[in-house]
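Chains as they are written, first to last, in the numbering used here: chain C, 687 to 839; chain R, 26 to 420.
Worth flagging that the hints you see were computed from the coordinates, not collected in a lab. Glycine included, each C-beta is placed from N, C-alpha and C at the ideal position. There's no promise every hint is true.
To be verified - Estimated spans, in silico, between C-beta atoms of each pair:
{"no.": "1", "chain 1": "R", "residue 1": "Y38", "chain 2": "C", "residue 2": "T828", "range": "29 to 37 angstroms"}
{"no.": "2", "chain 1": "C", "residue 1": "S764", "chain 2": "R", "residue 2": "L104", "range": "47 to 55 angstroms"}
{"no.": "3", "chain 1": "C", "residue 1": "R747", "chain 2": "R", "residue 2": "V129", "range": "45 to 53 angstroms"}
{"no.": "4", "chain 1": "R", "residue 1": "G105", "chain 2": "C", "residue 2": "A767", "range": "41 to 49 angstroms"}
{"no.": "5", "chain 1": "R", "residue 1": "S110", "chain 2": "C", "residue 2": "Q783", "range": "41 to 49 angstroms"}
{"no.": "6", "chain 1": "R", "residue 1": "W46", "chain 2": "C", "residue 2": "A701", "range": "36 to 44 angstroms"}
{"no.": "7", "chain 1": "R", "residue 1": "W163", "chain 2": "C", "residue 2": "A701", "range": "20 to 28 angstroms"}
Said to hold, decoys possible - List time: in silico DMTMM-like cross-link candidates among lysine to aspartate or glutamate, alpha-carbon distance up to 20 angstroms:
{"no.": "8", "chain 1": "C", "residue 1": "K692", "chain 2": "R", "residue 2": "D173"}
{"no.": "9", "chain 1": "C", "residue 1": "K694", "chain 2": "R", "residue 2": "D149"}
{"no.": "10", "chain 1": "R", "residue 1": "K410", "chain 2": "R", "residue 2": "E251"}
{"no.": "11", "chain 1": "C", "residue 1": "K809", "chain 2": "R", "residue 2": "E41"}
{"no.": "12", "chain 1": "C", "residue 1": "K692", "chain 2": "R", "residue 2": "D183"}
{"no.": "13", "chain 1": "R", "residue 1": "K367", "chain 2": "R", "residue 2": "E287"}
{"no.": "14", "chain 1": "C", "residue 1": "K694", "chain 2": "R", "residue 2": "D173"}
{"no.": "15", "chain 1": "C", "residue 1": "K694", "chain 2": "R", "residue 2": "D184"}
{"no.": "16", "chain 1": "C", "residue 1": "K832", "chain 2": "C", "residue 2": "E759"}
{"no.": "17", "chain 1": "C", "residue 1": "K817", "chain 2": "C", "residue 2": "D794"}
{"no.": "18", "chain 1": "R", "residue 1": "K148", "chain 2": "C", "residue 2": "D693"}
{"no.": "19", "chain 1": "R", "residue 1": "K367", "chain 2": "R", "residue 2": "E41"}
{"no.": "20", "chain 1": "C", "residue 1": "K692", "chain 2": "R", "residue 2": "D184"}
{"no.": "21", "chain 1": "C", "residue 1": "K694", "chain 2": "R", "residue 2": "D183"}
{"no.": "22", "chain 1": "R", "residue 1": "K213", "chain 2": "R", "residue 2": "E287"}
Stated by the list, open to error - Sample of chain C residues facing chain R (criterion: CB under 10 angstroms; computed from the structure):
{"no.": "23", "residue": "H696"}
{"no.": "24", "residue": "R699"}
{"no.": "25", "residue": "M700"}
{"no.": "26", "residue": "L703"}
{"no.": "27", "residue": "M718"}
{"no.": "28", "residue": "R730"}
{"no.": "29", "residue": "W808"}
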Amino acid sequence: MSGWLKDKGHLARMAGLFAFGITAFLVFRWLMVPAGFGLYGHYRAGALDDAGARPLHYAGRAACEGCHTDIVEARQGSRHARIGCEACHGPLIKHAQAPTEVKPTRPDGRVLCVRCHETNPWKPKGFPQVKVADHSDSGPCTACHKPHAPKIS
Amino acid sequence: MESVLQSVQGFMYPNEVELQWGILIVLYPFTTGLVAGAFILASLERVFNVEAVKPTYRLALLTALAFLLVAPLPLQLHLGHPERSLEMYLTPHTESAMAMFGFVYLWYLMVVLVLEIWLDYRKDIVLMWRESSGPTRWLYGAMALWSDNISPASLALDDRIGRALTVVGIPSAFLLHGYVGFIFGSVKANPWWSTPLMPIVFLFSAIVSGIAAVMLVYMVTAWWRERAFDMGCLDTVARYLFYAFMIDFSLEMLDLIHRIYEADESFRALDFMVHTRLYTSQVLVQILAGTIVPLGMLGLVQLVQLSEKARRRIYAMAGVLTLIGVFAMRWNVVIGGQLFSKSFLGYTSYKMNFATREGLLPAILLLILPFVILAVLIRLLPPWKVQRHGAGVSG
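With the hints as constraints, model all of the structure from the sequences given.
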């Protein structure tokens, strides 16, 4: 080797090796990072479509309230009015799309209530709770409470 | 559930009952600490031209490399899916300290350590290339990048670049370990971790552990090769260890005193923890056996004239105790930070498994692995002068 590279040949090779490594990394990155990454945020833009393509299960409260105006009325002023319909009735989009063909089953008037109202010290103080065993016999809670407006009296 | 709850005393939130970070996460800051400490020791020699510790210079660099190669493995084991870890490099999130750290790691590995070792060893590599044959010849040729120029001018150039690398290497080493402390110190929800002192405490304990490790490796290799110890070197390294340890100890005590004096709302809960579940690992192992005893031993050597044999014994014992103490410190940070409830009303305990992915066995293997790598590196790149063409032996 001649000229100013004379005693720098090995360094030039090492620099070349680094340049190769960095280039290989960039090429690899270009190959591996999916298209659309970072378009809207730190994720693959196509993930939105993928998520959107997944089947829906819940119709949402607004859909139910459009047809079942009687229930909306029944719930008015009750502390249950803030709970989404499908929190108790389960996912019902199929019913909302074809109401007469898909008929929902009525929720169990005991199992359902106990799920939310059994006493548990971890629940906030203001949350209405009962010791179910003391509070009622083994019949349905709906024998005394109306599910859409549970306050008695 | 029943069996899990047996480890709980008082009130725990459900997500606090089982520890998420186990012994592997203890190992991670311990290994990176050894890397940073060993490198800083090597840099001292290089930048400040400390002739006395020269016999440990290359050994320290190789030790740092061996441990750095192993450092990410505990994380890989803990997270599972090693193939996904690559994504951190492909699509790093600039707001994530961990993602950015991936690049610090690469920089430190490739630019600082490998390059510095290469520049320092180049002459030896070329000589070994010339003298060997068969596959070894090819290997050394490849390591020399098939350039056999070892003219004085080229070596002088290597030395200048190597020195410059060391100068950027020191802040890199500080960054490497400061980051690990930062990861804990920045968890604002955890009062056991959240303190801006954390990176500095981690850094100094890293330096302490690195110096102790290199000192022990030097003693073991010298003993293995049946060479006399270079006592001047050992005394100097031990003195550095003593000074670094003093700073480290002061910082840790500063942190402790600050916590006690501040006595914020977490204090009673943490104090209780230190006196119960962490008593053995924190008070007995970390502070007493792992800090005060080795500090006293090293301090004794500074004060009293002792025989060579006594000094050797003291260094060996102090070195081992120091490593145990620093490991205990990592343990107490990582495990201790997860033993108490954020409600400050309860405590859980850490159950370590043995032969599971995150158990004791992989942790032991991961502690042995760097020494295997180090042995290979020493075979490949002897840190001392090798007998060559009947030349004199030393080192």
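Here is how each hint holds up against the structure:
1. R:Y38 to C:T828: 29 to 37 angstroms: 34 angstroms, holds
2. C:S764 to R:L104: 47 to 55 angstroms: 48 angstroms, holds
3. C:R747 to R:V129: 45 to 53 angstroms: Since C:R747 and R:V129 have Cβ atoms about 50 angstroms apart, the given range 45 to 53 angstroms holds.
4. R:G105 to C:A767: 41 to 49 angstroms: Given about 46 angstroms between the Cβ atoms, the range holds.
5. R:S110 to C:Q783: 41 to 49 angstroms: 44 angstroms, holds
6. R:W46 to C:A701: 36 to 44 angstroms: 41 angstroms, holds
7. R:W163 to C:A701: 20 to 28 angstroms: 23 angstroms, holds
8. C:K692 to R:D173: 12 angstroms, holds
9. C:K694 to R:D149: Status holds; Cα separation ~17 angstroms.
10. R:K410 to R:E251: 15 angstroms, holds
11. C:K809 to R:E41: At roughly 18 angstroms apart (the allowed maximum being 20 angstroms), R:E41 and C:K809 satisfy the hint.
12. C:K692 to R:D183: Roughly 13 angstroms between the alpha carbons, so the hint for C:K692 and R:D183 holds.
13. R:K367 to R:E287: 18 angstroms, holds
14. C:K694 to R:D173: Roughly 11 angstroms between the alpha carbons, so the hint for C:K694 and R:D173 holds.
15. C:K694 to R:D184: Answer holds: C:K694 to R:D184 is near 12 angstroms, not above 20 angstroms.
16. C:K832 to C:E759: 13 angstroms, holds
17. C:K817 to C:D794: 19 angstroms, holds
18. R:K148 to C:D693: Judged against 20 angstroms, a Cα distance of about 13 angstroms means the pair holds.
19. R:K367 to R:E41: 8 angstroms, holds
20. C:K692 to R:D184: 16 angstroms, holds
21. C:K694 to R:D183: Satisfied, since the Cα-Cα distance of roughly 9 angstroms is no more than 20 angstroms.
22. R:K213 to R:E287: Cα-Cα ~17 angstroms, so holds.
23. H696: 4 angstroms, holds
24. R699: 4 angstroms, holds
25. M700: 6 angstroms, holds
26. L703: Because about 7 angstroms separates C:L703 from the closest Cβ in chain R, which is inside the 10 angstroms limit, the hint holds.
27. M718: 5 angstroms, holds
28. R730: 9 angstroms, holds
29. W808: This interface hint holds because 9 angstroms falls under the 10 angstroms limit.
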